[in-house]
Every structure is written in structure tokens, then in C-alpha cells.
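Engineer: Given next are the chains, with one letter for each unit.
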Amino acid sequence: MTKVIAVPPSLDDETFEQVFEQVAAVPADQKVLIDARHTRWSSPYGLTALLAVGQSRAEQPAFAGPEAEDTASYWARAGFYRHASEIYEMHGKVPRAREATGESNVLLEITDVSRSDDVHTVVERIQSRAQAILVHELHLDPQATMRFAMTLSEVCQNIVEHAGQGGWVAVQTYQYRKRLGRRAVVIAVCDAGLGFRRSLESTPGWKPRERWDDAAALEDALVRSVSRYRDPGRGQGLAGVRRFVGKWDGKLSIRSGTARIAVVPEWDDAVPLKEGLPHFPGAQVQITIPERVPPR
Amino acid sequence: MTHHIDVGSVLRRTVCDLYSNLVTRPTGAAVRKEIEVVLCGLEEPSLTVIDFSQVGLLDFSCADEVVGKLLDGVRRQVILTDAYVLVRGVRDDHLEAIEAVMQRYDMAVIVESEDGEWHVVGPLEDSMRRVLDAVHRCGRLIPSEIASQVEQPASTVSQSLDGLLERRLVMRDDDAYVSLQSVM
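Residue numbers (the numbering used here), protein chains in the order written: chain A, 1 to 296; chain B, 1001 to 1184.
Hints are supplied without guarantee of correctness; some may be wrong.
[Claimed, not checked] From chain B, some residues computed to sit far from chain A (all C-beta separations above 10 Å):
| hint | residue |
| --- | --- |
| 1 | Cys-1016 |
| 2 | Arg-1025 |
| 3 | Leu-1042 |
| 4 | Ser-1046 |
| 5 | Leu-1057 |
| 6 | Asp-1059 |
| 7 | Asp-1064 |
| 8 | Asp-1092 |
| 9 | Asp-1093 |
| 10 | Ala-1097 |
| 11 | Val-1101 |
| 12 | Gln-1159 |
[Stated by the list, open to error] Derived DEER-like restraints, expressed as beta-carbon distance ranges:
| hint | chain 1 | residue 1 | chain 2 | residue 2 | range |
| --- | --- | --- | --- | --- | --- |
| 13 | B | Asp-1175 | A | Pro-208 | 55 to 61 Å |
| 14 | A | Asp-249 | B | Pro-1123 | 25 to 31 Å |
| 15 | B | Leu-1165 | A | Ser-128 | 42 to 48 Å |
| 16 | A | Gln-175 | B | Val-1037 | 51 to 57 Å |
| 17 | B | Asp-1106 | A | Ser-202 | 38 to 44 Å |
| 18 | B | Glu-1145 | A | Gly-205 | 39 to 45 Å |
| 19 | B | Asp-1017 | A | Ala-24 | 54 to 60 Å |
[As the list claims (entries may be wrong)] Simulated coverage check for chain A against chain B, where a stretch passes if three residues somewhere in it have a Cβ under 8 Å from a Cβ of chain B:
| hint | segment |
| --- | --- |
| 20 | 7 to 20 |
| 21 | 25 to 35 |
| 22 | 140 to 148 |
Worth flagging that the hints you see were computed from the coordinates, not collected in a lab.
In this text, a Cβ means the ideal position worked out from N, Cα and C, and glycines have one as well.
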């Protein structure tokens, strides 16, 4: 029997927990229909996480997209349907795929990442638009553009090196009214692969500690720069991402398994570490860099 | 004896002629191996200038492969027994990645930044830093001259020089110590 998963009207990293909760309750080999007919808005995290949900299922899931034409059209321009149609059995009206968008707030349409070459492609694409949008529209320092691309490169490489399968990345700017009251640029990177705990457990000679779970694995990776590789130079990628986010008053959150860890700026009220979430495989990363308000 | 390596050209030659960004570990590893091949073919002692001016982005993973692992090999003398490396053509964002790598390996490297100034990037004790500055200013000094320049006892200067030699940050020529920049 097909289980219907209701997608909330507004889809961001917080409301997506409703989707994870419903999906976690259904065995992977049972068919699900992801029902987004009443969804009116989604962040890049929502769109890439929807693809990861499809990726996590053993039985091919079905998908019903937004009924609202402007929402469906936006999702198409962001590249969602192109990827979704490879994973999901599509129900209802599927907007025609379009070529590159010109959409001013889409810095990088949804792009799949599974090999190192894909990271090169992502970085090349983002550089052409990042300067104009980050500096001229979000008033970030020109120096931030290259660091932004470095950050994007590192979080994409986490998929290539640790997920064991592909994932997706998307970058958009949008008006972040709810918490911030100004614009922000958001990077979302989602996969349904190994996740941090299983990746660290694959370290040669690894032994479980007294407290070892998804939260401990996230703390090891983000706070202590632990990597499954023994090279001294490993584990610097996330440390660099943390520095970039801290410098630009941004937020970084990483969900993996049943936990989420976050670097939380003053403008947000998220908890730094949340445990006991519904289980979902892989890693789901969101980086939010707010517009800088010029001094008066 | 001085050899110049344009990292941007190595990247395009070994990985993809369309790439200008040094990103991802496999890319960094491929570039480093190519540089190591060049270094192995040089007459010793050798000074190699690694030039990043034609490189777009340098991420942390690539900085670890191209700078961290390369210099670690030079320091441990597994690539050549008597090799020295300078880095030039780096922008601020390159510098951030290189600095993070140097901290991680507890190594230092001499880098020419966009303003044309030479900087030591990475952890280095103050006493060594002062001795290195003196050698750089004069190009070539014997220990007694260094001691008078930095106003430190000869024993301290001697220890600092040993440390700088071990880190491949100065060259020795008979009784004198020579700055890498002066050899370029």
C-alpha cells in the first residue's frame, strides 16, 4: 500500500522535519507518494532534501508537485523537476524543463554532485554570478566571493568523499523575513548516503566510545575537525567553512542521522545541537549568509 | 638552480585545460605529483618557486595536497635531500588556505603576496623569525653577524639557525646562511 507523505505549504530546514518524521515511519521498501500539491514555497534546502528523500527509498517513490503554477514554474527554473523525474515516478502536471534561467535569485540551480569533476563545474558556475550578487546586492566584501566559492567547494566535496553516493547542491538568495528581515544567500547540500557517523566509523582501527551516536559524530567532525582519514591535513574543509560562516555572521547547520549541529549567529534562535530527530540517512547541510546592512 | 613552476599551467596540463581553479583532493594530488616529478629531476641543492598567480580558487583540500603534502615531503627529505621552496603569486584567499594548512602541519613557508612583500606563513618561534628577517634583509650572513643584528646570544642564534635549516627556510653556504629570496 502506498503511504502518502504530506509536504508542508512552506518548506525550509525546520518544516522539512515534518517530512523526515513521516518518511522515517515507513519501511524503505514500502512505496511512498510525496504529496507537495499544496506547497507554495521552498528554500533550496527543501528542494534538495526532497531529492534526497527520493534517493533514500528502496522502492521507487512517487511525487506530486505543487498545484500553484508560479510555485511549480519556480521549481522548474531551479532545476528541481529535471532531477526529480530521474528519481520519482511523477504524478500530475510536470512543468516543461527549461534551460538556464536568468532567474536573478538562483545563483546555482540544483546540480548533482557525485564526482570531483562535478565540484569543478559547481565552482566554475558559481563564480560567474557570485561577484555580482554577493557584492552588489548583498553588500558583502569583494573578498567574500572567493571564500564563498571555497566554502561551496568544501561542502560539495563532503558528498564525494563521504556519502558513498551522489547528492545535490543549490544556491539561492531570498528575502529571509521570518528571522532576519533582510536578504540572505543560502547554500543547501543534501544527500542520503552514509552520513557522518558511518563515515567516521569506517576509519581503520575505529572503536566506539562510551558515548557514540550521530550527535557525537557531528561534534567530532565540526568541532574537533576529525576525519576518517589519518592524514594530518584532513578535516580542514569544515573548519574553513566554520571560519567563513563566523566571519560573515552566517549560520551553518548540518543534519545527519538523528542529530543536527549548528553554528548559530545572534539573529537566529536555533539550538547548537539537537538530538533525537527522526532518522534520515546521509547529510543535509545548510549555510546562510545574511545581507550586510551598510553602516548609517 | 632556481626553478619556476606555474601551478596554473600544471593544473591545465595534468587535469583539464579548461580548469583554472585548484579545487578537490584528486585535482590537488595530480598537480602535486606532477610538481614532485619536476623536483626529483632537479640538481641539488635546488630552489623551486611555486607560482599561484594563474590559479583562480584554491580550496583547503587542494592547499593541503599541493602545499601541505609537498612541503612536508621536502621537509622530511623524501622528495629530494636538499630542496627549498618559495611560494609566490598568492592572493589573500589563497593565503588563508595555505595558512590553515601550515598550522595543521606545524610548518612554515616563505610566501610573496600580492603587495610584493615576502611573508613567513605558518607557526614559527619569535627568535627564529627575527633571525630569518635578518638573513632576508642582508641576503647572506655568518652567525656572528646575525647575533649582532638580532642582539641575541650566539647560542640562541645557533639554535634558531638549526631550526630554520630544518624547516628549509634558509640555505647554508660554507659558514654563511643565505636567504632563499636572494638566490632567486
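Engineer: With reference to the structure, classify each hint as holding or not holding.
Structural biologist: Here is what the structure says about each hint:
Look at B:Cys-1016: its CB is around 7 Å from the nearest CB on chain A, not clear of 10 Å, so calling it non-interface is violated. Its beta-carbon lying about 7 Å from the closest one in chain A, B:Arg-1025 breaks the requirement of being farther than 10 Å from that chain. Under the 10 Å C-beta cut-off, the non-interface status given to B:Leu-1042 relative to chain A holds; the minimum distance is some 24 Å. Once the 10 Å rule is applied to beta carbons, B:Ser-1046 is consistent with being away from chain A; the minimum gap is 24 Å.
At roughly 5 Å from the closest C-beta of chain A, the C-beta of B:Leu-1057 falls inside 10 Å, breaking its exclusion from the interface. Listed as a non-interface residue, B:Asp-1059 fails to keep its Cβ farther than 10 Å from every Cβ of chain A; the least gap is roughly 4 Å. Residue-level check failed: B:Asp-1064 sits 3 Å from the nearest beta carbon of chain A, not beyond 10 Å. For B:Asp-1092, the condition that its CB be more than 10 Å from all CB atoms of chain A is violated, with the nearest at approximately 6 Å.
Not every beta carbon of chain A lies more than 10 Å from that of B:Asp-1093, the smallest distance being close to 4 Å; the non-interface claim is violated. Some Cβ of chain A comes within 10 Å of the Cβ of B:Ala-1097; the nearest lies about 7 Å off, and the non-interface call is violated. The Cβ of B:Val-1101 does not lie farther than 10 Å from every Cβ of chain A; its closest approach is about 6 Å, which violates its non-interface assignment. Chain A leaves B:Gln-1159 outside its interface by the beta-carbon criterion, the shortest separation being 25 Å against a cut-off of 10 Å.
Against the hinted window of 55 to 61 Å, the Cβ-Cβ separation of B:Asp-1175 and A:Pro-208 comes to about 58 Å, which satisfies the hint. For the pair A:Asp-249 and B:Pro-1123, the beta carbons lie near 28 Å from each other, so the given range of 25 to 31 Å is met. Against the hinted window of 42 to 48 Å, the Cβ-Cβ separation of B:Leu-1165 and A:Ser-128 comes to about 46 Å, which satisfies the hint. The given range of 51 to 57 Å is respected by A:Gln-175 and B:Val-1037, whose C-beta atoms sit roughly 52 Å from each other.
Evaluation of the 38 to 44 Å hint for B:Asp-1106 and A:Ser-202 yields a failure: the beta carbon distance comes to about 27 Å. In this structure the hint that B:Glu-1145 and A:Gly-205 lie 39 to 45 Å apart at CB is violated, the actual value being about 51 Å. Checked against the hint of 54 to 60 Å, the pair B:Asp-1017 and A:Ala-24 fails, with Cβ atoms roughly 47 Å apart. Counting residues of the segment 7 to 20 of chain A whose CB falls under 8 Å from any CB of chain B gives 0; the rule of at least 3 is not met.
As drawn, the segment 25 to 35 of chain A meets chain B at 0 residues by the rule of a beta-carbon pair under 8 Å; below three, the given contact is violated. Remark: the segment 140 to 148 of chain A is confirmed as covered by chain B, as 3 of its residues place a Cβ nearer than 8 Å to a Cβ of that chain, reaching the required three.
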